[in-house]
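Note that the protein sequences, when read in sequence, are chains P and X. Numbering (this note's numbering) for the first sequence: 1 to 651. Numbering (this note's numbering) for the second sequence: 1 to 343.
Careful: at least some of the hints might be erroneous.
Quick partial rundown of chain P residues pointing at chain X, CB under 8 Å, derived from the structure [unchecked claim]: (1) E547; (2) G553; (3) L557.
DEER-style ranges, computed between Cβ atoms [as the list claims (entries may be wrong)]: (4) X:Q128 to P:R558: 25 to 35 Å; (5) X:S110 to P:W123: 54 to 64 Å; (6) X:R134 to P:L181: 23 to 33 Å; (7) X:T179 to P:W390: 51 to 61 Å; (8) X:Q128 to P:L116: 53 to 63 Å; (9) X:A70 to P:F111: 50 to 60 Å; (10) X:E132 to P:L181: 29 to 39 Å; (11) X:T179 to P:F111: 45 to 55 Å.
FYI, nobody ran anything at the bench for these hints, they're computed from the structure. Note that the structure is a prediction, hence the values are computed from the model and not measured. The beta carbon of each residue, even a glycine, is placed where N, CA and C say it ideally should be.
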Amino acid sequence: MEKPTNACLETDEIAHSRRPGRLRFPFGGGEARGAERQGGPLRPPAKLPPELARTLYGFDLPASPYVGEVSSRSRKRERAGAGRQPALPGGSRRASSEPAWLLPFVLAAVFLLSALPLIRLGWAGLGGIKGGEAARVLLDPATFAALRNTLITATGGMVVSLVLGALFAFTLALTDIRGKLVLSFAFMLPMMIPPQVTALAWVEMSGPSSPLLKTLGLAPPLGSPQPLYSLSGMVLLLGVQHAPLVFLAVKAGLAAIPRDAVEAARLAGASPWRVFRDIVLPLGSPGLVAGAAIAFVSGIGNFGIPAILGIPASIETLPTLIYSRLASFGASTFGEIAVLSTLIAVISAAGLLLQQRALAGRDYRLVGLGGASAAFSLGRFRLWGECLLWGALALVLVAPLLALVASSLVPAYGVPLTLETVSFRAYGEILLRQSLTLTAFRNPLFLASAAAVGLLFVTVPAAYLLARRQGALANLLAVLIEIPYALPGIVLAVAFVLAFAAPLPAIGLTLYGTIWIILAAYLSSFLAVSLKPVMSAMLQMDPSLEEAARLAGAGFLRRMRDVVLPLLAPAAGASVILVFLISANELTVSALLWSAGTQTLGVAIFNLDDSGSSDLASALSVLVVLMVLALMAALEVFAKYLPEGVLPWRN
Amino acid sequence: MAQLILNHVTKNFGGRPAVSDVTLTVRKQGFLALLGPSGCGKTTVLRMVAGFEQPTDGSIEFGERRLADAVFSLPPEKRNMAMVFQSYALWPHMSVAENVGYPLKVRGVSGEACRRRVTEALALVKLQDFAERRPTALSGGQRQRVALARCLVTEPDVVLLDEPLANLDQHLRKAMEETFRVFHERSGATMIYVTHDQAEAMALATDVAVMAEGRILQVAPPAEIYARPEGRVVGGLIGRGSILRLRLPENAGRQLDWPLLRQALGDGGQVRAGPLADVLIRPEHVHRAADGIAMRTVSCVFEGERFALDLTLSDGQRLKAYSSVAMAEGTLAPFVVSGGWRL
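Only chain P is shown next, with the shape it has when bound in the complex (with noise of 0.2 Å):
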């Protein structure tokens, strides 16, 4: 079996990032060190067993990032540590440097977490087949047509990342373009923001009432049709949210193209621009397929968009369908959101899979000095390309959020935007009025603090174990945090559904319709998100650090306390801080799972907007993106106590 090439190995693992608008990192970063003190030659990382491996993340677990570049020692343990019972009495006799309790809370909790709601999901699957509904659901006209437009929507998206993703990430990868992290940051910024503020944002951009082409004199006339409201609409705006995932992912592949590679191409004689086409593009190609594969991916499992664009049209995606289906609830509604979300999870799968087709020739093992950082001088034509640039994030991300400002700001609807008629009304009602969307503040607020916090719990003794030790019941481990990770975010709403409907067993209540299962379903969901940095700070961590604290007579807390916390701790801020950045705006999981009083943000933007209250769905908005612009900044301040490869906008 093919192993990925590091070039698609930083680049497969961002194939981690499919839900909308959500942050996904890619896993690693950390160097592969200890191992040759060890003196041992490492043995290959252990791995999924590949077919599962590949079903779910389109590659072979490189990046069991944990495994891989565990120092040799790790594996050591496992024989030491795993399976030999204790038969002196006193003292611990394994030489592993965990207690006994840390693996088995550790696997309860993830189990909890991730494996117990999709084991429900499959079952309610399986239950719908044998039920022949599923064959009534597949076989109805609604599914048909919507299951046509995801495809066409996902697809028509996939191409439009591709074209924006690949300009900016050979550009400010490869040439000496000026602002490099500002560019970057600002490209980054549509993935950030959720979904159904960029949506809205655009629809305030374009349609006949929008106040910037009121004020610019450019509106078509009223009761036009709004041109967003289509399947290319949805196409465009699925494009620029998935963008920066291509950008990524090509972004990292070209960083692994050693400079030497592209030197020799120049001394052999080749020019600029076929040492472009020769050397830079086939061996960008990976990272280009891993894009367009989660680009694709993303575009299945979108809700925002569609949301926005798409029930207003009567344009009907997977996503919505479940949706709406869930609304309207019926005796059937259970089997029905069950056969759908799994049908989401195989159109996924088999994106995945055709990923994993198209990389298998593509092996290209890159040896060499890292890093073709401005191989290209665009000389003259370089202000041409910044403009390009420039001109495009105006186009895409600018001009949207102007409008969106814009319409926040105008007093009623349809009113041009001039200095006499501005007002910060629709801001007032917001904050000090509306007393939904201060119950939609103060509960995305709850939900994401407890989960940012509650997760590192979890995330700082997974990461430990993970690092630390090696075989089975790591891999085990690994995978269960990643499966809600790699899927879609409706697909594990709907497992929540299904698993939290009921009344819990033995304790007699229900979960469905509180917070609570928005809690749960965060936590499950952002585990991966939350491990990510905690986990690349402990691979960075000399693990002698540790063992000194442990000749130095310290146990385990002891040394958890002294030590290994107070290292992890800047990784273990930016962690809770992404987190909440990413949990304060979800739309997709929480659309399914509220109800009166849970209210989220996004779920309070998307009802506004719905019931016709566009200026007020700005404002809140508006207020979205401050937020999300604040809370990156407070990490860019981080940047610098931060492992390599935590925040996505710098290289």
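Go by the hints and put chain X onto chain P.
Just chain X now, with coordinates in the frame of chain P:
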């Protein structure tokens, strides 16, 4: 203080054992150097002594106390040992004084007593003035000394050193070797020192254990192991020298002198009867002298203090020698071999 005993210790990570059947006794207050090429298992032995690895077979004992065997392993935090790691393993979030004082803090020593002992330990490595610095603000050699001070502070039973000089430059190495020697004399701890650099091992240790492919080949004091190595591998690893296949008389001892060697080297070819044996000849025992055997110079390399010669015998075997004057390549000249050792 007690002896540290490794009793038929084997460590298997799956596949070929990394350490097989190692039996070693480190004498009380001894300074044992574990010498061998990289990958020979010496670091694994050290990590088993520290308690980071558990032996698959055999046992490790300290005095009467069993530290580890195949079913039991006393955790490192209960062994009262200390280690200087190759990477020094200084905690970057603590100051130098906090780093050094941490083992005391864990043992519940605090206040004046703790401060006094930290100051003493830092004084021994001449770092009193750096107590409040962070490890990142120190040079490599200073970090090394902080790691050493951290070992000193608790009076450990055994001090383990894992290639502690590997990351230092030549000049610093010499200074640190001296520090280690003083440290050993003062502390009276049993020390195990892992290195692949034989000069370091010879200079520091009271005993040298040579390892290759997971096995101990020979344990002896440095001078002894240099003069009387056991077997081809040790002979080839320790010092410079050439190993010749020579026919020796049945009754010849192991220490060979010139008359015997002259016969064996085939001057006239009298000895044809005896069995073939491996003979180690050190370059310092090969001199140019009129009554010697004619050898041809193959190469002559200037090494600073002298020239290193590569010679061939009449039967094609190679021999190393030193010379104070340059020899043209291809010259035929007589050499005397004043001593040899049968391996």
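Going down the list of hints, with the structure as the test:
no.	hint	in the structure
1	E547	holds (6 Å)
2	G553	holds (4 Å)
3	L557	violated (11 Å)
4	X:Q128 to P:R558: 25 to 35 Å	holds (28 Å)
5	X:S110 to P:W123: 54 to 64 Å	holds (58 Å)
6	X:R134 to P:L181: 23 to 33 Å	holds (29 Å)
7	X:T179 to P:W390: 51 to 61 Å	holds (60 Å)
8	X:Q128 to P:L116: 53 to 63 Å	holds (59 Å)
9	X:A70 to P:F111: 50 to 60 Å	violated (32 Å)
10	X:E132 to P:L181: 29 to 39 Å	holds (36 Å)
11	X:T179 to P:F111: 45 to 55 Å	holds (53 Å)
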